[in-house]
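> Each chain is listed here by its residues.
2 protein chains.
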Amino acid sequence: MSFDVLQDKIRAMKNPTVVGLDPKPEYVPPQMRKECYDQYGETLEGAAEAIYRFNCGLMDALCDIVPAVKPQAAYYERLGWRGMEALERTIRYAREKGFFVIADIKRGDIGSTAQAYSDGWLGKTKVGSAERTAFDADCVTINGYMGSDAIQPFIETCKAEDKCLFVLVKTSNPSSGELQDMVAGDRVVYKVMGDLTERLGRGTAGRHGFHLTGAVVGATYPSDLRELRRRLEHTFFLVPGYGAQGGTAEDVQYAFNKYGHGAIVNSSRGIMCAWQKTGRGGSDYQQAARDAAVAMRDDIKQFVTIV
Amino acid sequence: MSFDVLQDKIRAMKNPTVVGLDPKPEYVPPQMRKECYDQYGETLEGAAEAIYRFNCGLMDALCDIVPAVKPQAAYYERLGWRGMEALERTIRYAREKGFFVIADIKRGDIGSTAQAYSDGWLGKTKVGSAERTAFDADCVTINGYMGSDAIQPFIETCKAEDKCLFVLVKTSNPSSGELQDMVAGDRVVYKVMGDLTERLGRGTAGRHGFHLTGAVVGATYPSDLRELRRRLEHTFFLVPGYGAQGGTAEDVQYAFNKYGHGAIVNSSRGIMCAWQKTGRGGSDYQQAARDAAVAMRDDIKQFVTIV
Numbered sequence: 017m018s019f020d021v022l023q024d025k026i027r028a029m030k031n032p033t034v035v036g037l038d039p040k041p042e043y044v045p046p047q048m049r050k051e052c053y054d055q056y057g058e059t060l061e062g063a064a065e066a067i068y069r070f071n072c073g074l075m076d077a078l079c080d081i082v083p084a085v086k087p088q089a090a091y092y093e094r095l096g097w098r099g100m101e102a103l104e105r106t107i108r109y110a111r112e113k114g115f116f117v118i119a120d121i122k123r124g125d126i127g128s129t130a131q132a133y134s135d136g137w138l139g140k141t142k143v144g145s146a147e148r149t150a151f152d153a154d155c156v157t158i159n160g161y162m163g164s165d166a167i168q169p170f171i172e173t174c175k176a177e178d179k180c181l182f183v184l185v186k187t188s189n190p191s192s193g194e195l196q197d198m199v200a201g202d203r204v205v206y207k208v209m210g211d212l213t214e215r216l217g218r219g220t221a222g223r224h225g226f227h228l229t230g231a232v233v234g235a236t237y238p239s240d241l242r243e244l245r246r247r248l249e250h251t252f253f254l255v256p257g258y259g260a261q262g263g264t265a266e267d268v269q270y271a272f273n274k275y276g277h278g279a280i281v282n283s284s285r286g287i288m289c290a291w292q293k294t295g296r297g298g299s300d301y302q303q304a305a306r307d308a309a310v311a312m313r314d315d316i317k318q319f320v321t322i323v
Numbered sequence: 017m018s019f020d021v022l023q024d025k026i027r028a029m030k031n032p033t034v035v036g037l038d039p040k041p042e043y044v045p046p047q048m049r050k051e052c053y054d055q056y057g058e059t060l061e062g063a064a065e066a067i068y069r070f071n072c073g074l075m076d077a078l079c080d081i082v083p084a085v086k087p088q089a090a091y092y093e094r095l096g097w098r099g100m101e102a103l104e105r106t107i108r109y110a111r112e113k114g115f116f117v118i119a120d121i122k123r124g125d126i127g128s129t130a131q132a133y134s135d136g137w138l139g140k141t142k143v144g145s146a147e148r149t150a151f152d153a154d155c156v157t158i159n160g161y162m163g164s165d166a167i168q169p170f171i172e173t174c175k176a177e178d179k180c181l182f183v184l185v186k187t188s189n190p191s192s193g194e195l196q197d198m199v200a201g202d203r204v205v206y207k208v209m210g211d212l213t214e215r216l217g218r219g220t221a222g223r224h225g226f227h228l229t230g231a232v233v234g235a236t237y238p239s240d241l242r243e244l245r246r247r248l249e250h251t252f253f254l255v256p257g258y259g260a261q262g263g264t265a266e267d268v269q270y271a272f273n274k275y276g277h278g279a280i281v282n283s284s285r286g287i288m289c290a291w292q293k294t295g296r297g298g299s300d301y302q303q304a305a306r307d308a309a310v311a312m313r314d315d316i317k318q319f320v321t322i323v
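As you go down the protein sequences, you meet chains U and R in turn.
Position one of the first sequence corresponds to residue 17 (my numbering), numbered consecutively onward.
Position one of the second sequence corresponds to residue 17 (my numbering), numbered consecutively onward.
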């Protein structure tokens, strides 16, 4: 689904946030974890089943108030193919529940290899005379260090499948500036990457004015966020770094345009691990996640009005 | 296993090459493919089984003359979790056959997420009171666009497990220069990344003098390759771009130091698809791959003498 669909969901729920599904087994409430380990042993299979059930419970609790989820591939790969199988099931369940699904994979490779990634994550894979879908997300994150060769095959798949992507532009982590803030020619590197993203998306703007090529821009550098918002008019932003990493609602307001459109703010642990702060041992993980999601939405609402 | 182990294998076989296992189902000889589709249908499972059997046949044919294999994750992800299961089995089989295994994953993410990737691909994952291994490669490729935060967790895992990694520095594709060749401060971006790689590896040099932090440097830009070899004395190079992409044996010679050490050159389709050029319909795929691997070794031997 395109950024039009995402923007519509955000408007309908008046909530420009996405919940990151980055589950370590330790994040799963103890009782649920125990049931899975009792059934499958303390194995990768047991851990994969535990995080799948946890994801489903979270999505059940959030599907009427949060428009999107963002599973982070690393936490599934950590469990080998068992984890990838749980990720496939998670994405399928998320789509059934009506979520827009951003697979946070940060892949970056070239030519036929980029094509293989985009087949697997967004498109279809040809097997003999048949076409099969694998992970089937709505949207992915991409790393453009290798240049436009690494982005273009994903754009083609997105056009064919009415899907979309985010290119890493300015990331939220402390060392992001080591490369991204260097002045290269007349621009810093993250602006080079931002301009490339806006340029590659030309001709793909939807009803809300956004190209299918979005950008990842961290909440932890609000002045960069503000400048990029002005510079990249047609680029939808995925904003990590709110909460645990130090970004505030006041910071993330700069990601949005004057209509309160064009961005979605991520929180992962703040929602998933909310139960760890209520002192009830996890039996209330769904209510705790919902309360945390509402609090985040209302926090951002103080600074952003969605028209 | 570290670059010491890889360099020893290369010396023993007098062959500084790695075979890329980037299998599309179309690369599998028709008879083998047909058997798998007959058994499992034209499904992702059937395709995964076909590429696994093909990989094993190739490795059987090459294990006494080629020191390393490099499965490219994209071609397995393309088949969903079924493909990832085939990748796990491929890596296990490769290690049994004595290959050094480079998982070409080009992951790049930060903090606990980078840790999750390195747990899954190189290290161990804690599940309750147990520790489990998932993909268990010897070495991975990493994308450093996000800075040292994205590399450091892998370094820690490599230290603990006696493994190693390659950071993308100067890639072999046509658009690599869009970002990598920009002048940032006093250096081009790929040198910034190369210097960062050499610096982050300090204190980890093995018997042969190489840090556990290697670099990907493409064969298609031989003058950059020569300059980086001089500049990054302790950095082992993985060199893609030989063959199909246009790099020659004359070009790749610059990746090696005066002892003929410090680099390994990749070929994927040139070996995997060698059977397509013999006109025998694939029944000779093992011999064709072996002949192509010997030809590549001898081609490079004209320019590189391994002490």
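Keep in mind that the hints are not guaranteed to be accurate.
One copy or any two copies: either way a pair holds, since identical chains are not told apart in the list.
[Stated by the list, open to error] Computed cross-link-like contacts, DSS-like style, restricted to lysine-lysine with a CA-CA straight-line distance of at most 25 angstroms:
#	residue 1	residue 2
1	K113	K274
2	K142	K50
3	K317	K40
4	K30	K274
5	K175	K25
6	K317	K175
7	K40	K142
8	K140	K274
Calculated directly from the structure, the hints in this document are not laboratory data.
> Now, for every hint given, state plainly whether the structure supports it.
Here's how the hints hold up against the structure:
Proximity of K113 to K274 under the C-alpha cut-off of 25 angstroms is found in neither arrangement, the shortest distances being 30 angstroms within a copy and 61 angstroms between copies. Proximity of K142 and K50 under a CA criterion of 25 angstroms is satisfied inter-copy only: 15 angstroms between copies versus 40 angstroms inside one chain copy. With identical chains, the CA atoms of K317 and K40 are never at most 25 angstroms apart, being 30 angstroms at best within one copy and 48 angstroms at best between copies. In this assembly of identical chains, the alpha carbons of K30 and K274 lie at most 25 angstroms apart only when taken from the same copy (15 angstroms versus 64 angstroms across copies).
In the homo-oligomer, the alpha carbons of K175 and K25 lie at most 25 angstroms apart inside one protomer (20 angstroms), although the nearest pairing across protomers, at 46 angstroms, exceeds that limit. Taking CA atoms no more than 25 angstroms apart as the test, K317 paired with K175 passes in neither setting, with 33 angstroms inside one copy and 46 angstroms between copies. Taking the shortest alpha-carbon separations for K40 and K142, only the inter-copy value of 10 angstroms comes in at or below 25 angstroms, while the best intra-copy value is 33 angstroms. For the homomeric pair K140 and K274, neither the shortest alpha-carbon distance inside one copy (37 angstroms) nor that between copies (47 angstroms) is at most 25 angstroms.
Hint violations for this structure: numbers 1, 3, 6, 8, all remaining hints satisfied.
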